[in-house]
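**Student:** Chain by chain, the residues:
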Amino acid sequence: MKLVMAIIKPFKLEEVRQALDGLGIEGLTVTEVKGYGRQKGHTEIYRGAEYEVSFIPKVKIEVVVPTESAEKVVEAISTSAKTGQIGDGKIFVSPIEQTVRIRTGETDADAL
Amino acid sequence: MTTAWRNLTLFGAAALAAMAMIEPSFAEEAAAAAAAAAPAVKAPDLVVNKADDCWMMTSSLLVLLMTVPGLALFYGGMVRTKNMLSTLTQVFAIQCIVCVLWFVYGYSLAFTEGSGATSPFLGGLSRLFMQGIDPKTPAATFSVGVGIDELVYVCFQMTFAAITTALAIGGFAERMKFSAIVLFAILWCTFVYIPIAHSVWFNPGPNDLATANDAALARSGFGFQMGALDFAGGTVVHINAGVAGFVGALLLGRRIGYGKEAMPPHSLTLTMVGASLLWVGWFGFNAGSNLEANAGAVLAMANTFVATAAAGISWMLVEWLFKGKPSLLGLASGVVAGLVAVTPASGYAGPMGALVLGLVAGAICFFFCTAVKSALGYDDTLDVFGVHAIGGFVGAIGTGIVAAPFYGGAGVVDYTKCVVKDGIVTSDCPIGDYDMMAQVIIQAKNAAITIGWSAVGSLIVFLIISLIVGLRVSAESEREGLDISEHGERAYNM
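Chains A and B supply the protein sequences, listed in that same order.
Residue numbers for the first sequence follow our numbering, so the first one is 209 and each next one is one higher.
Residue numbers for the second sequence follow our numbering, so the first one is 526 and each next one is one higher.
Because the hints were derived from the structure by calculation, they are not lab data.
Check the hints yourself; a few may be wrong.
What the hints assert, rightly or not - Result set (DSS-like, lysine-lysine): computed pairs, CA atoms no more than 27 Å apart in a straight line:
1) B:785 <-> A:242
2) B:850 <-> A:217
3) A:242 <-> B:942
4) A:248 <-> B:575
5) A:217 <-> A:280
6) A:248 <-> B:785
7) B:567 <-> A:248
8) A:242 <-> B:575
What the hints assert, rightly or not - What follows is a set of in silico ranges between Cβ atoms, one per label pair, in the way DEER data are often shown:
9) A:241 <-> B:606: 18 to 24 Å
10) B:783 <-> A:319: 50 to 56 Å
11) B:606 <-> A:313: 55 to 61 Å
12) A:243 <-> B:876: 52 to 58 Å
13) A:300 <-> B:782: 32 to 38 Å
14) B:988 <-> A:246: 41 to 47 Å
15) B:850 <-> A:218: 46 to 52 Å
16) B:981 <-> A:251: 37 to 43 Å
17) B:850 <-> A:276: 48 to 54 Å
18) A:263 <-> B:850: 17 to 23 Å
19) A:218 <-> B:999: 35 to 41 Å
20) B:984 <-> A:222: 38 to 44 Å
21) A:307 <-> B:1013: 43 to 49 Å
22) A:283 <-> B:782: 43 to 49 Å
The structure displayed is predicted, hence computed values, not measured ones.
For glycine and all other residues, C-beta sits at the position ideal for the given N, C-alpha and C.
Model the full structure from these sequences, guided by the hints.
**Tutor:** Okay, structure coming up:
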């Protein structure tokens, strides 16, 4: 099993969800996060007081899939989250050791 | 502080010099209309009319609306989340404290006749505990023979004392102990606000001014005797509160992290709501200060519309030009600066004079809140100096100019020349001759007296408070936020 974690632009979330839904992915965790990469932040001015805002709002999505699906999931996210502009985000893939569905006690592939 | 003083003086001098060049030559009145040494005339009894009472009750509520929730939200939106409740609580508590002290002794000290050497700045005790007032006791307005019920005048003036005291806290928001705020409300209102209100506004009323001018003037406040024009409180309210806030900001020092950490306003949405409530309430403030529901109130209302809008536009354009973007906070600040500047002029200016006053005030206040503030490095949290002291000063001086009939102003009523019928003076009083240059100088003097009184008085008040309870919260409390450390509650539990 693999964990696919992606940081994307907030307004791309719905497109990404639809793309993953199309692959038959049945669950997804979303977190509102802040951070910066090459996009950097922006400046805010309040009555002449200027503040550099370094951290900009992003959405983090996490989905655990069988190893063989990971590549397709990564591809679906990179296609649907892409605008071509700086700040589109990143995707990270890492191995997962165990999965348990709490309600039934099913494990691993059955629990996904 | 001394630098700021010098700046203000220089600014005043520059304004005077500019005026000297454009002063129009008024047609001198040929000869004093041989004021026939008439036998002593009598004044009519004060008659209270329901419309005036109704308008003054409405105006009192409008000014209350300016403070709670208007000013509270305007200020609250600009502080950080962790200090939201402390700001709301401070404004709300000041409204309550000043209201009580006003009914107990404040009104008496401000708006009755004093005695002895202190009488130009302090009233007497004849209305202590509201003695001598029943619901039908009339108080003077600005017309001979016209009164309003004195209790509504007490209420109306109470709302002014409360908002002035509450305005000042913007200078030292986010770091003052609540106990110090409570003492500030009592001491500052008593020793700084009341004397200035008495000086500029107290007079025995048109009946006495029309029948015994010199004697009546001698019983008036210092600023009033001087002939200072302050329709609704450019000096009494705005310069007074602005300077107090500034002194407080200097004495308490900067907030921890000022200039290093980001301290953006936590909700400009609420600030916009507050600024809008201030604008609406300000019609009670300015048009209500006419004390009668007549053409004078209508003029003040029109001026309060146009000057305010002009100042909002002015601030917005200047900000757009110099900072790249027109901001909501800028627009709201400009609107408040316009309200402040038109306050002393609202009953004297013509609408076009008010428009120009607004345009000028918006740009000047922007300059003080941005360039001057960052150059001098003081931490006037909510810009009470840049908006209220500076806007009030522009308005106080500007009133001397825009009141001139030459510039479309309404001029000033001359109570010594009211028409007399059958030995009884009537409310038909002409507009007097207007010497703009002389008036501008009087305005500058009155503003200077207010600045001096407020600076010294506030300093003493703060020193007394610092001896009793201390001024500033601990560094730990400040970091945690005053909501939790001073009040034990949180603004947003989400």
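**Student:** Measuring from beta carbon to beta carbon, are residue 283 of chain A and residue 782 of chain B in 43 to 49 Å?
**Tutor:** Cβ of residue 283 of chain A to Cβ of residue 782 of chain B: about 46 Å, so the range 43 to 49 Å holds.
**Student:** Would you say the C-beta atoms of residue 783 of chain B and residue 319 of chain A sit inside 50 to 56 Å of each other?
**Tutor:** 53 Å, holds
**Student:** If you draw a straight line from the CA of residue 248 of chain A to the CA of residue 785 of chain B, is it 27 Å or shorter?
**Tutor:** With a Cα-Cα distance of about 19 Å, the restraint between residue 248 of chain A and residue 785 of chain B holds, given a limit of 27 Å.
**Student:** Are the Cα positions of residue 850 of chain B and residue 217 of chain A separated by 27 Å at most?
**Tutor:** Status holds; Cα separation ~25 Å.
**Student:** For the pair supplied as a hint, residue 248 of chain A and residue 575 of chain B, is the alpha-carbon distance within the 27 Å limit?
**Tutor:** Judged against 27 Å, a Cα distance of about 65 Å means the pair is violated.
**Student:** Is it true that residue 263 of chain A and residue 850 of chain B lie within 17 to 23 Å of each other by Cβ?
**Tutor:** 21 Å, holds
**Student:** Is the Cα-Cα distance between residue 217 of chain A and residue 280 of chain A 27 Å or less?
**Tutor:** Holds, because 20 Å separates the two Cα atoms, which is no more than 27 Å.
**Student:** Range first: 48 to 54 Å. Now tell me if the beta carbons of residue 850 of chain B and residue 276 of chain A are that far apart.
**Tutor:** Given about 51 Å between the Cβ atoms, the range holds.
**Student:** CB of residue 300 of chain A to CB of residue 782 of chain B, is that within 32 to 38 Å?
**Tutor:** Holds: the Cβ-Cβ distance is about 34 Å, inside 32 to 38 Å.
**Student:** Residue 785 of chain B and residue 242 of chain A: Cα distance at most 27 Å?
**Tutor:** The hint holds at about 21 Å.
**Student:** Given the hint that residue 567 of chain B pairs with residue 248 of chain A, test it: the Cα-Cα distance must not exceed 27 Å.
**Tutor:** Roughly 79 Å between the alpha carbons, so the hint for residue 567 of chain B and residue 248 of chain A is violated.
**Student:** Sort out whether residue 942 of chain B lies within 27 Å of residue 242 of chain A, counting only the CA atoms.
**Tutor:** Violated: residue 242 of chain A and residue 942 of chain B sit about 72 Å apart, past 27 Å.
In the structure shown, a violation is registered for the earlier hints numbered 3, 4, 7, 8, 11, 14, 15 and 20, in ascending order.
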